[in-house]
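These are the residues of each chain, in order.
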Amino acid sequence: MKERRPRQSGLATSASHTSKVYPSDLTFSEETKGRSNRLRRRSTQLSVAMAPPPPQSHRSPSPSQPSGKSEVSDLKSQLRQLAGSRAPGADDSKRDLFKKVISNMTIGIDVSSLFGEMVMCSATSDIVLKKMCYLYVGNYAKVNPDLALLTINFLQRDCKDEDPMIRGLALRSLCSLRVANLVEYLVGPLGSGLKDNNSYVRMVAVIGVLKLYHISASTCIDADFLATLKHLMLNDPDTQVVANCLSALQEIWTLESSTSEEAARERETLLSKPVVYHLLNRIKEFSEWAQCLVLEFVSKYIPADSSEIFDMMNLLEDRLQHANGAVVLATVKLFLQLTLSMADVHQQVYERIKAPLLTQVSSGSPEQSYAVLSHLHLLVLRAPYIFSSDYKHFYCQYNEPSYVKKLKLEMLTAVANESNTYEIVTELCEYAANVDIPIARESIRAVGKIALQQYDVNAIVDRLLQFLEMEKDYVTSEALVLVKDLLRKYPQWSQDCIAVVGNISSKNVQEPKAKAALIWMLGEYSQDMHDAPYVLESLVENWDEEHSAEVRLHLLTAVMKCFFKRPPETKKALGAALAAGLADLHQDVHDRALFYYRLLQYNVSVAESVVNPPKQAVSVFADTQSSEIKDRIFDEFNSLSVVYQKPSYMFTDKEHRGTFEFADELGNLSITAESGESVVPAQRVEANDKDLLLSTSEKDEGREPGSNGSAYNAPSYNGSSAPSTTSQPLADLAFPSTGISGQASASSLAIDDLLGLDFAVGTAATPSPPPPPPLNLNPKAVLDPGTFQQKWRQLPISISEEYSLSPQGIASLTTPNALLRHMQSHSIHCIASGGQSPNFKFFFFAQKAEAASIYLVECIINTSSAKSQIKVKADDQSSSQAFSTLFQSALSKFGLP
Amino acid sequence: MISQFFVLSQRGDNIVFRDYRGEVQKGSAEIFFRKVKFWEDGDLQEAPPVFNVDGVNYFHVKVVGLLFVATTRVNVSPSLVLELLQRIARVIKDYLGILNEDSLRKNFVLVYELLDEVIDFGYVQSTSTEMLKAYVFNEPLVVDAARLSPLGPASIFAQGTKRMPGIAVTKSVVATEPGGRRREEIFVDIIEKISITFSSSGYILTSEIDGTIQMKSYLSGNPEIRLALNDDLSIGRSQGSAYGYRSSSGSGTVVLDDCNFHESVRLDSFDIDRTLSLIPPDGEFPVMNYRMTQEFRPPFRINALIEEAGSLKAEVILKVSAEFASSVTANTIKVQMPLPKCTSRVSFELESGAVGQTTDFKEANKRLEWSLKKIVGGSEHTLRAKLTFAQESHVNITKESGPVSVTFTIPMYNASRLQVKYLQIAKKSATHEPYRWVRYVTQANSYVARI
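In the order they appear, the protein sequences are chains A and B.
Mind the numbering: the first sequence is residues 40 to 936 in this note's numbering, read in order.
Mind the numbering: the second sequence is residues 1429 to 1879 in this note's numbering, read in order.
Misleading hints may appear alongside valid ones.
[Said to hold, decoys possible] What follows is a list of derived Cβ distance ranges for each label pair:
| id | chain 1 | residue 1 | chain 2 | residue 2 | range |
| --- | --- | --- | --- | --- | --- |
| 1 | B | V1481 | A | K654 | 34 to 44 Å |
| 2 | B | K1454 | A | A588 | 38 to 48 Å |
| 3 | A | G147 | B | V1481 | 17 to 27 Å |
| 4 | A | F660 | B | G1630 | 36 to 46 Å |
| 5 | B | E1458 | A | A622 | 44 to 54 Å |
| 6 | B | R1694 | A | D350 | 17 to 27 Å |
These are computed hints drawn from the structure, not numbers from a lab.
Backbone N, C-alpha and C fix where the C-beta goes; we use that ideal spot for every residue, glycine too.
Isolated chain B, as found in the complex:
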């Protein structure tokens, strides 16, 4: 059971503070913040999500730079409390549309209302946005979405998909739109995160796709929804073939290692026709999470080379090739590479006619950064960098540099080939068809090439 819940800003100010049981001293927020800020335990420089100070257990998760914290003196399930903190953040986001320090401060009374219903005397009552609606009366004061940082979660669909209102995902589930009635629409997002490690020779050492089918419904009347996935989808890899790329490649089927489902999902006909049916609750929630280690074609190939070029000099050549269809465009690509410690100066040479590319050498942590606004499928981009060393180094410069890591977002593309074949809304409404958005996006989680 939870004794206190609070949200702290990056500077350690209390934005909301709710004491449920009065078992933990009032100064706990301060104790917590000092501990997190000056964390020192062995070599770890980052506080783990759970720690104990003087018999009080502190749990925290970081969401958009804010610290969501719970305290207790009881030996509870850590996974329950951490999941709950994430969920509270999500519920607040559902209500406020946008979750950040500003919106929280503006709506803290609403947040208190929510907190009173989510937890009573330390016991979780409900985190369902839908059920909470009946008990929450404050109208959210919506903050300006335009002030969101361009890399915020809401913006991943903003580019490359012009027909979609970027603001949609930042809409509160309760606020009515200026026009009066709410727009009937439903968003189904297939979000995949790729983790891949290439060896220095370009061979794939490990690869994994972590996917989520996320839904956000603004439909009135809670209609039932049917979501059909690939017919040839199979789940569970045969024993012993984990990471054995032989078995599945070429056959064309999508093989997931494992998946799990939101509790509203009914799997009655899933085994027969790969159809999920559900009555979506309000707010954003994952319909299905899945994990795949089956071989897939990585969207980018990375080639990196560092060579000594005379004394105190070296040259780096970075090449990124986009191996997806030319109809697809990746955006906000960022390539980073740690350089040898003794590097003092770097001069860059972009390919001729390069547009929307920037380069930088971060002196403080000796890192090369190369950003590209977009990369069209099938194209290839190269960066040359000339390094100057401050002093002679006996160390092997290849060992001192790398690995190269890449981050990117590719809208309307997914590497697993998992698809939503159709999205059916079972509703007899005569007025008009609700808007249905099915969107795919692939992002890099840990996309690394060793050199």
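Excised from the complex, chain A in its bound form:
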């Protein structure tokens, strides 16, 4: 392998050449081929298959539409004939044959049996032939590892060709073989490829290192290629080489970090200021795709201070004007992430990104519009006002694909507010008559959603009722479902709605959901609807024709309700319904009928109080997604999570999750949170157990120079000095909790009890569960926004709770600042706040006295409902419950004299 041979060398030279690397039984010439046992076996099998040579010549009309199996053997013999030929025009014939082979490969016919022949024909100077051969070899080497050996030799030789392009191509193919026992042959060529003076070869070599890692991680790491990549990333003049280094290092260290702490550290240092600045300073030299890579990478970097943030944003400002939507979205993500802790700048970012994103929606392909609109939808949910005057951009165009229209309808629903509802609903009503029926349905649903989120529904109710009069089946159906939901929220509209609903003939309603809605209204408002008992009666008569169990269930209940209000008229229908229900084959229907029957037997008035108790209007329909999940999706901005509207852990395997590594813990967390409150105390006991162990060790280690809480010697939260509290009896913690319990409003106490908070700690009589250790906060804690942001992103939520606020507190919350001062007096500091009445949002932090442990809180206060939602994240999760209690007590004192 030392001496370079001319590429034009024929078969004979290449054969002798090979024998230097491999044992002599693997050579290319015809007569020696049989020496390899495996090859012999294969060729005999094939010769059987070939036995009757198919009498076909050039049957296939187009090279990419070959016919089948017999052609494979045909190709084999033709290739064999050409293998040694140096006749003029041989390369052209080879090209044709290779094309046929590859076209077979494309359509999924297995042409791996030609491997030997293809390799034999590969000794050529024709670069087109070479490339086709590389493609073929790359595709089949994995399933034919033994045959792949055959190719190593000529690939290695090409890796030393004087033409850099041949070197690059050969190196790429060599690394693409994906055969584990050949990795030893990769290390040498890769090493020289990384040092090649041609950037194309280096570019290929860098990705080659990544390929090697996937074939054999240990070989890759032992060869110390990663250090070379790091060096190239910071020094190579070619930006694509740099970009490939970044991709490769990110991928390798992310995969490695699950097992190696060193790799985790390496990954952290990758995100250091020098690297980030080096990449950002060259951003315009990168290709648009590499720019996306760099921007995504930088969005994980935490700047030290706000001037750094502004520098970065000023540098990247013009990326928002890029024609490539991927660059724009990557820039938007970076800007949003950078400014998370700077509420006012964050708002400016929203204003700034609006126009570029709207341009992307309208200038790109429908597919690109879809991707961008998905992101707009996410942004609108977080900041509804930003597009409230641009709602017309989301009007549907008649020729758009339905997936775009659907998203636009969601946008219109999301941006609707008092100022634009009338126009939006008018527009949506136009779509209700649309020829595209699915979109017409969606439009009606959108009107309904808007109605349910508005305070003033006057105009909307009229529109909905007009839908009922349109006499189109699907319009009526959708509208009925909406009217039902509307009545559950706004019972005051029942008079108007019932008058119209009463005119609808139940015969014209076929869809189960709509029918169920109509039946519900008949039952619920039977006193106002004249012929309700008779309509129900006729429905019961047709019991057997009703296929939907849902409808039958509703029918049973409606007849019951009607009976309580108008017994004489409904008696007959009720009897028939119960009889039919008892005979029903559907288990639920049968059970419900039996249940009603027995209830009625027992006591009619009890039955009424069970089946038709007085109801309260629904104030808010449950949101389908928790705000936690929405935040998760926002963290994964510019990824599929936004399009699917779910965080990545819900649709991605663990090993492919890549950079969103925290999703997993959060996923588990949200699942346990949903699985019911009964789980919570049990978990807490466990946490507390751990806690006791932790806290003792912390006492020893916690006194780091940076967190010299004792030095301040300031009065801590419960009035005693910080150092002494740690050694005080546990019962001391009771002081703040019991102290407030007298003052806190009754409602908040009730909720606390439900959540199982330890208000009994004060008595110290209950030995188990062990109460949390006393928690004192450092009154002079400091935390810079960057660290806050980093921690907020990295830590899982340990507690998520809702509190009620006292009326005095609400009254005092005219501006966010009032609360900030109050919380500060309790050693809880604010890092960011914003919002307007009735919604305020705060980010607080606090530090454990004498320890570095930090608590982070997101607190959302809605003054109209007097509720606050808090999310606590903590370095030391075991004490987060104690902190939450402190936080709550501090919050509940707000506004009290």
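Position chain B against the provided structure of chain A, taking the given hints into account.
What follows is chain B alone, placed relative to chain A:
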């Protein structure tokens, strides 16, 4: 990162298939095609461009009836992959001249060559036609341009602009012409798409122009190009005036809401004299995209009327008036209007002396179609149609019909008045001046009149 890339024909055949990482099963193309073909998810009948089946994410874009697909298991940026798929299609078109199933099948080896250089192990390397040239060796086998459908993208300039070779835009960037050397020329196309909605009373409810300055360069030696736009062009509307048509009308300035630029464009003097300078890469690319909601004069006014005329009968009157200069001619105009569901028969009455007009009633989806070969500026055309209903309908027939939608192409006309004042090629070549084509075209995107 991308695991596989493939192109499927309308029937679901693999035309090219490239597996970059071996992480997704081989049968993915089949899984994908079945999912797209029989898409059913709620009410949507059309598969969205991105979906997930068993942990594999499938991305696709439709280009000239072909499906360009990428798969991955990783949570990547959807916008990046979709943009990439479009770009791959464009690069292939640059090489093949014409992109369709036939040309792809004929040149699939070349396409593999391209794909190897565009993506390596799932990471995008380059989509620049220019840079890829160095690594692609197959000569494209050019398919016959004459077989293109008359509505294909290449034909929008074919009519009304006789001096321009229609074939030019379908020329491969690498293929040499039969004559030997390549013709030195550059095309700058200002393509505007109009979206407008008229209320039933003819009032404009919404309007928007989405424009692109597209360039396709066949110049050798990569000379620098300067492109000067209107001096009075301004960008960015003042706050709160979005869709407020008061502020800008009459003043004569062209106000764009927003725009973006290709990365080769340098904006050094754009703020001063509205000049873009760039060294155009090979192949077709958008120099600038822009969006305008400023009030403009719509090229067509549409009047539509449907009236009951006795039992089981109604009359439709459609009027199209061209409100542009008589020196300009619009072509391939098509007016469509959904009719009431119970319509069983339609008889048409064209104006006297109508030439090049056809009418049709699509029974299956109850739609009226009226096609006009061309409309000269300033003229007005009317169609009367008498409808017969199969049964008595209690429904308001106005609500059952419409809206009227129109598609058209108007060469050498643009509604925004954005102009390329001059196109300068900085080249010292003594041989001969390169050909410079600056062409305008306006098309309907969503041109709708409600009734």
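- Using the beta carbons of B:K1454 and A:A588, state whether their distance is inside 38 to 48 Å or not. Given about 43 Å between the Cβ atoms, the range holds.
- Task: Evaluate the given range 44 to 54 Å for the C-beta pair formed by B:E1458 and A:A622.
- Result: For B:E1458 and A:A622 the Cβ distance comes to about 47 Å; the hint holds.
- Query: Do B:V1481 and A:K654 keep their Cβ atoms within the hinted range of 34 to 44 Å?
  - Reply: 43 Å, holds
- Query: A:F660 and B:G1630, beta-carbon distance inside 36 to 46 Å?
  - Reply: 40 Å, holds
- Message: Does the beta carbon distance between A:G147 and B:V1481 stay inside 17 to 27 Å, or does it fall outside?
- Response: The hinted range 17 to 27 Å holds for A:G147 and B:V1481, with Cβ atoms some 19 Å apart.
- Does 17 to 27 Å hold as the CB distance between B:R1694 and A:D350, or does it fail? Holds, at about 23 Å.
The structure is consistent with each of the numbered hints, conforming to all of them.
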